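Visitor: Whole structure, please, built from the sequences with the hints as guidance.
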Amino acid sequence: MSVVEGIKENPVEEFLRTDRLPHVWCSGCGIGTTVNCFARAVKECGIPLNDLAIVSGIGCTGRVAGYLRLDSFHTTHGRAIAFATGLHLANPELKVVVYSGDGDLVGIGGNHFIHAARRNLDITVILINNFTYAMTGGQVTPTAPLDSIETTTPYGVFEQNFNLPHLAASCGAVYVARWTAYHVMQVKKAMVEALNKKGFSFIEIIAPCPTIYLRRNRLGSAIDELKYYKEHSVIQHGADTRDVGIDIRRPEKIIVGKFVDIEKPDYLTAMNEHLGEVLGDKYVRWGE
Amino acid sequence: MATAEKKKKFRGVVYVAPERCKGCAICVEFCPTGAITMSDRFNSKGYHYPEFTYPDKCTGCGLCGMYCPDFAIYGFREKIGEGA
Ligand code: SF4
Ligand code: SF4
Chain A
12 MSVVEGIKEN PVEEFLRTDR LPHVWCSGCG IGTTVNCFAR AVKECGIPLN DLAIVSGIGC
72 TGRVAGYLRL DSFHTTHGRA IAFATGLHLA NPELKVVVYS GDGDLVGIGG NHFIHAARRN
132 LDITVILINN FTYAMTGGQV TPTAPLDSIE TTTPYGVFEQ NFNLPHLAAS CGAVYVARWT
192 AYHVMQVKKA MVEALNKKGF SFIEIIAPCP TIYLRRNRLG SAIDELKYYK EHSVIQHGAD
252 TRDVGIDIRR PEKIIVGKFV DIEKPDYLTA MNEHLGEVLG DKYVRWGE
Chain B
555 MATAEKKKKF RGVVYVAPER CKGCAICVEF CPTGAITMSD RFNSKGYHYP EFTYPDKCTG
615 CGLCGMYCPD FAIYGFREKI GEGA
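Protein chains in written order, with the working numbering: chain A, 12 to 299; chain B, 555 to 638.
Calculated from the structure, these hints are not laboratory results. Here the structure is a predicted model, which means the values were calculated and not measured. A portion of the hints provided could be inaccurate.
Said to hold, decoys possible - Derived pair list, reagent style BS3-like, types lysine-lysine, alpha-carbon separation capped at 25 Å:
no., chain 1, residue 1, chain 2, residue 2
1, B, 633, A, 54
2, A, 19, B, 599
3, B, 563, A, 209
4, A, 200, A, 54
5, A, 200, A, 238
6, B, 633, B, 563
7, A, 209, A, 275
8, A, 241, A, 264
9, A, 238, B, 611
10, A, 208, A, 275
11, B, 633, A, 19
12, B, 633, B, 611
13, A, 54, A, 209
14, B, 611, A, 241
15, A, 293, A, 200
16, B, 562, B, 611
17, A, 208, A, 264
18, A, 54, A, 208
19, A, 241, A, 200
20, A, 208, A, 106
21, A, 19, B, 563
To be verified - Now the in silico label distances, taken between C-beta atoms and shown as ranges:
no., chain 1, residue 1, chain 2, residue 2, range
22, A, 245, B, 634, 37 to 43 Å
23, B, 595, A, 264, 38 to 44 Å
24, B, 614, A, 259, 38 to 44 Å
25, B, 632, A, 296, 47 to 53 Å
26, B, 614, A, 163, 44 to 50 Å
Stated by the list, open to error - Here are some, though not all, of the chain A residues that point toward chain B, as calculated from beta-carbon distances under 7 Å:
no., residue
27, 23
28, 38
29, 47
Using N, Cα and C, we set each Cβ at its ideal position, and we do this for glycine too.
Guide: As structure tokens, then:
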């Protein structure tokens, strides 16, 4: 595909497999916007591209890995974090980023998510939350707020959903932030911070899915949704994550910000310290 | 238009790749200065795409490129005197 001269100067361009564009995401889908933020964040934090690996699972957000001109892995459904765990432990020099959706990471792969956070694995997890399994037609995910209409809940969701920042924080993540696709500058900044963080860093980005979630719930277009984020987001850095749940479809306020940023030894550091102590000189430290 | 009273040191430049655009118009909606508008023309897939209608208004903030979900637009700041 021929590209207009000058668009090449777009910082995202060098990160893209441009031969695959236009991508599969729908008009107005928020996923592409977050990829812009990610490209700028990677540039800004200066990680050499050879040291960066990106892992996605299945789903609309799962396609991100396929469009990035990085060492990228498109894995099986829900197993992005499991795959990333192996990648990180086998080659601790790599900065491993998991980039996937809510259904993939906390629905199908919820178990991997909580244990990666608990072990404080040194990986970054970027979760695009659009409240539905969009690619497969809109089944209910564990993040869908009460009353949401999904294909599998035609009369509305009646079960409690996950409060993702709280889930990550209570499992042991050292960096937890939430933004929306409207907050592009803040998303970029959070990604820089997360990439530079040692330990399990987690960013939830709430993003519009105009084709499935917004349409089925009659919430308007992607622009309407972004405007809603703009008007109803309240920035509360350091907020108690217990209070940031999104339990109804159109809450009066969405609390966004950086909720957790603490220091704690990551999995490999803890392993080396412990085994070094127990085994003494016999132990060869790994990944340092 | 060409002889602006206030001498600007920078100008905003916007590039559009019409064939990548899916016509969501998010760039037009969230451009802080209203420098871009949707074209009446269609790309080969049948979508309207943005046009850089009011270059004088553009500050080169780059937000349009940051929002674009399709990597189809990019705005940046250029020193006046450089290039064309
Ligand atoms: S179905 Fe939804 S999440 Fe998937 S590409 Fe379309 S808008 Fe995006
Ligand atoms: S660079 Fe900024 S001011 Fe210029 S068109 Fe893009 S969003 Fe508008």
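Visitor: For each hint, tell me whether it holds in the structure or not.
Guide: Here's how the hints hold up against the structure:
The suggested pairing of residue 633/B with residue 54/A holds, with an alpha-carbon distance near 22 Å, which does not exceed 25 Å. This hinted pair checks out: residue 19/A and residue 599/B have alpha carbons roughly 22 Å apart, not beyond 25 Å. Restraint check for residue 563/B and residue 209/A: the C-alpha separation of about 41 Å exceeds 25 Å, so the hint is violated. Between residue 200/A and residue 54/A the alpha-carbon distance is near 12 Å, which keeps this suggested pair within the 25 Å criterion.
A C-alpha spacing of about 21 Å is found between residue 200/A and residue 238/A, which places the hinted pair at or below 25 Å, so the restraint holds. Taken as a hint, the residue 633/B and residue 563/B pair is honoured in the structure, with Cα atoms around 6 Å apart against an allowance of 25 Å. Proposed proximity of residue 209/A and residue 275/A is supported: the alpha carbons are some 8 Å apart, at most 25 Å. Pair hint residue 241/A plus residue 264/A holds up; C-alpha atoms about 10 Å apart against a cutoff of 25 Å.
For the hint pairing residue 238/A with residue 611/B, the CA-to-CA distance comes to about 22 Å; that is within 25 Å, so the pair holds. For the hint linking residue 208/A to residue 275/A, the alpha-carbon distance of about 11 Å falls within 25 Å, and the restraint holds. Our distance criterion of 25 Å between C-alpha atoms is met by residue 633/B and residue 19/A, whose separation comes to about 18 Å. In summary, the hint linking residue 633/B to residue 611/B is supported, as the alpha carbons are separated by about 15 Å, within the 25 Å threshold.
For the hint linking residue 54/A to residue 209/A, the alpha-carbon distance of about 18 Å falls within 25 Å, and the restraint holds. At roughly 23 Å between alpha-carbon atoms, residue 611/B and residue 241/A fall within 25 Å of each other, so this suggested pair holds. Proposed proximity of residue 293/A and residue 200/A is contradicted: the alpha carbons are some 43 Å apart, above 25 Å. The straight-line distance between the Cα atoms of residue 562/B and residue 611/B is roughly 12 Å, inside the 25 Å bound, and the hint therefore holds.
As the CA atoms of residue 208/A and residue 264/A are separated by approximately 28 Å, the hinted pair breaks the 25 Å bound. Among the hinted pairs, residue 54/A with residue 208/A is consistent with the structure: their alpha-carbon atoms are about 16 Å apart, no more than 25 Å. Straight-line distance between C-alpha atoms of residue 241/A and residue 200/A comes to about 18 Å, which keeps the hinted pair within the 25 Å bound. The hinted pair formed by residue 208/A and residue 106/A meets the criterion: a straight-line CA distance of about 10 Å does not exceed 25 Å.
With a C-alpha separation of about 23 Å, the suggested pairing of residue 19/A with residue 563/B holds against the 25 Å cut-off. For the hinted restraint 37 to 43 Å between residue 245/A and residue 634/B, the CB-CB distance of approximately 40 Å keeps it satisfied. One distance hint, 38 to 44 Å for the beta-carbon pair residue 595/B and residue 264/A, holds here, with the actual separation near 41 Å. For residue 614/B and residue 259/A, the Cβ-Cβ distance of about 40 Å falls inside the hinted range of 38 to 44 Å, so the restraint holds.
Between residue 632/B and residue 296/A the beta carbons are some 50 Å apart, a value that agrees with the proposed interval 47 to 53 Å. As the Cβ distance of residue 614/B to residue 163/A is approximately 46 Å, the hint placing it in 44 to 50 Å holds. Because the closest C-beta pair between residue 23/A and chain B is about 6 Å apart, less than 7 Å, the hint holds. At about 4 Å, the closest approach between the beta carbon of residue 38/A and any beta carbon in chain B falls short of 7 Å, and the interface hint on this residue holds.
Evaluation of the residue 47/A hint against chain B yields a held restraint, the C-beta minimum of about 5 Å falling below 7 Å.
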